[in-house]
Amino acid sequence: MERYYQPEIECASREQIRAWQDERLVKQVRNVWDNVPYYRKKMEAKGLTPDDIKGVDDLHKLPFVTKADLREAYPYGLVARPLKDCVRIQSTSGTTGKRVVAFYTQHDIDLWEDCCARAIVAAGGTNEDVCQVSYGYGLFTGGPGLNGGSHKVGCLTIPTSSGNTERQIMFIRDLSATILCCTPSYAAYIGETMKEMGLTPDQIPLKAGIFGAEAWSEEMRQDIQNVLGIKAYDIYGLTELSGPGVAFECSAQTGMHINEDHFIAEIIDPETGEVLPEGSKGELVFTSITKEAFPLLRYRTRDICMLSHEKCSCGRTHVKMCKPMGRSDDMLIIRGVNVFPSQIETVLLNHGYPANYQIIVDRVKSTDTLDVQVEMTPEMFTDNLGEIDRRQKELVAGLRSMLGLAAKVTLVAPKSIVRSEGKAVRVIDKRKI
Amino acid sequence: MSIKQISIFVENKPGALYGLTGVLAQNKVDLRALSLAETSEFGIVRLIVNDVYKATTVLKDAGYVHSITPVVGVAIPDVPGGLNRVLQVLANAKINVEYMYAFLGGRLSDSAYMIFRVQDVEAAQKALAQQKIQVLDQDQMTGV
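Note that the protein sequences, when read in sequence, are chains A and B.
As numbered in numbering that gives the first Met the number 0, residues 0 to 432 make up the first sequence, in order.
As numbered in numbering that gives the first Met the number 0, residues 0 to 143 make up the second sequence, in order.
Just so you know, the hints here were simulated from the structure itself, not pulled from any lab data.
Glycine residues also receive a C-beta, built at the ideal position from the N, C-alpha and C atoms.
Certain hints may be false.
To be verified - DSSO-like, lysine-lysine: derived pairs with alpha carbons at most 27 Å apart:
| hint | chain 1 | residue 1 | chain 2 | residue 2 |
| --- | --- | --- | --- | --- |
| 1 | A | K414 | B | K27 |
| 2 | A | K429 | B | K12 |
| 3 | A | K407 | A | K392 |
| 4 | A | K83 | A | K230 |
| 5 | B | K12 | B | K27 |
| 6 | B | K125 | A | K414 |
| 7 | A | K194 | B | K59 |
| 8 | B | K12 | A | K407 |
| 9 | B | K12 | A | K392 |
| 10 | A | K194 | B | K125 |
| 11 | A | K41 | A | K66 |
| 12 | B | K59 | A | K414 |
What the hints assert, rightly or not - Now the stretches of chain B that chain A is said to cover, found in silico as 3 or more residues with beta-carbon under 8 Å:
| hint | region |
| --- | --- |
| 13 | 6 to 13 |
| 14 | 31 to 45 |
| 15 | 124 to 137 |
Taking the hints into account, I'd like the entire structure generated from these sequences.
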């Protein structure tokens, strides 16, 4: 039977959710107008006053907020509460440039942890579980968020943070951890290490994993599930909005429910900024309607995504987002072709190659080159050079048909691609453009 | 009674072979024969060693990807036409040689040694034995 952390919210009627959103949006717009001069200026520039926003239908009138705004307003320019009411900051990992700092009141932290608790319960977590949080603790939101959610659910929480894989595995085994929270690449690494230690999935006590903070494919999910013998659940979030738990996966594993009582999601055309009709693929935009310290209106995530309002078998009524299909800003443009690293990963896994890969983009005599380096595995290796060559050619053909682009494939020695204990470095762009 | 050849993946770059032989040297693995097949980026090192179990264990621990391939080892009289005669037997038996390599020396100094990789090891061995060509087993190979 499906269990919920806050059933009255998670399974509320669509009318109820809409009513919450209308009311909270109007209040939030008034709040930023009164308390954040930066927002007031942006709204005035569009000729808007808070009276123009009467509900979700008027949301599209508001200007967007981008990462550039956050940098411009750094550090305090978007804070809507006196600092005496703020109790915490968190900061982005800086994968896409300068750090962004977000602020929290105690109430903000409380609601954020509720969102994480919803994710843990959706993954089957109860107060009987032992939950190991192997996301980094500190400025990164992963550790603190899941840690708080795990406390709320009542799990016995192991705050290992990331790194020291031997110790991670020791705790999982000695304390019989049942839930693992970390980045998918680290989960894959832990799984790989356990396999090397000769552990089979039935010897690993884990039953579920909550993995997020970076892009991962459906195939990678299958790999992680198989090696650890668990069900792997996706979780989505951004430091700018709170952290993990903006959206989370349920037992259906067909998308992540957005916590719509706290966040309004829109899909826009990243070029024109137009709101796209339901079911369209485009850039995901969020408005945080309950945030006190650091409210964001129409924040452009750069994640390319689709929303689904289809009824979910789990009973939750909140809209679902698909796995981000790439980011409009980690998108590589190679010889004029748009390439998402996640596409390359999908092709690799489909051809039986491991998810340990690195994409090297370079420019030779003004032509872009794409080199996909993949580690040789015992499964792939054979004494037959012709056979290896044949498989390599198939992979090149698979990449060509997926990307519409010729790529070189280089087989490299096992373990020669640097493993990361946080976010994997998938792309090395050597081009000087 | 086939011979176990160890095939190892190595990158085609300076020091890669040195790294491999270093692992074997440190663990006192004795090489009987070696051949190398290469592409521009990687190669397959094929080894016949005195102690297959030890060699594969230390290679695995050192992070090398490898596989075991059964091959046919033959002692050939070191006279003109020696190899030709062996290949004639295989050709007559319609056995395709995927690759082969030779090595010299050893204690039976009047013989040369060849390693043949064929699809059907058993058929090859039978055909060779019928024509009184000396086929080596693992122990003999180790003793060479």
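Exercise. Decide if the proposed pair is consistent with the structure: B/K59 and A/K414, CA atoms, cutoff 27 Å inclusive.
Key: 12 Å, holds
Self-check item: Coverage of the region 31 to 45 of chain B by chain A (three or more Cβ within 8 Å)
Solution: Since three or more residues must qualify, the claim that chain A covers the region 31 to 45 of chain B holds, with 6 doing so at under 8 Å.
Quiz item: Under the criterion that the straight-line Cα-Cα distance not exceed 27 Å, is the pair B/K12, A/K392 satisfied?
Solution: Within the cut-off at roughly 22 Å; holds.
Quiz item: Between A/K194 and B/K59, is the straight-line Cα distance small enough, at 27 Å or below?
Solution: 14 Å, holds
Quiz item: Are 3 or more residues of the region 6 to 13 of chain B near chain A, judged by a Cβ distance of less than 8 Å?
Solution: Result for this restraint: holds, n = 4.
Quiz item: Taking only the CA atoms, is the gap from A/K407 to A/K392 under or equal to 27 Å?
Solution: Satisfied, since the Cα-Cα distance of roughly 10 Å is no more than 27 Å.
Quiz item: Does A/K194 pair with B/K125 here, judged by a C-alpha cut-off of 27 Å?
Solution: Violated, at roughly 41 Å.
Quiz prompt | Cβ contact check, 8 Å cutoff: the region 124 to 137 of chain B against chain A, three residues minimum | solution = Contact hint for the region 124 to 137 of chain B vs chain A: violated, 0 residues under 8 Å.
Quiz item: Between A/K41 and A/K66, is the straight-line Cα distance small enough, at 27 Å or below?
Solution: Given pair A/K41, A/K66 holds - Cα atoms ~15 Å apart, limit 27 Å.
Quiz item: Regarding the pair B/K125 and A/K414, is the alpha-carbon distance no greater than 27 Å?
Solution: The hint is violated at about 42 Å.
Exercise. Mind checking the alpha carbons of B/K12 and A/K407 for me, to see if they're no more than 27 Å apart?
Key: Holds, at roughly 17 Å.
Quiz item: Between A/K429 and B/K12, is the straight-line Cα distance small enough, at 27 Å or below?
Solution: With Cα atoms ~21 Å apart, A/K429 and B/K12 stay inside 27 Å; holds.
Of the numbered hints listed earlier, those contradicted by the structure are 4, 6, 10, 15.
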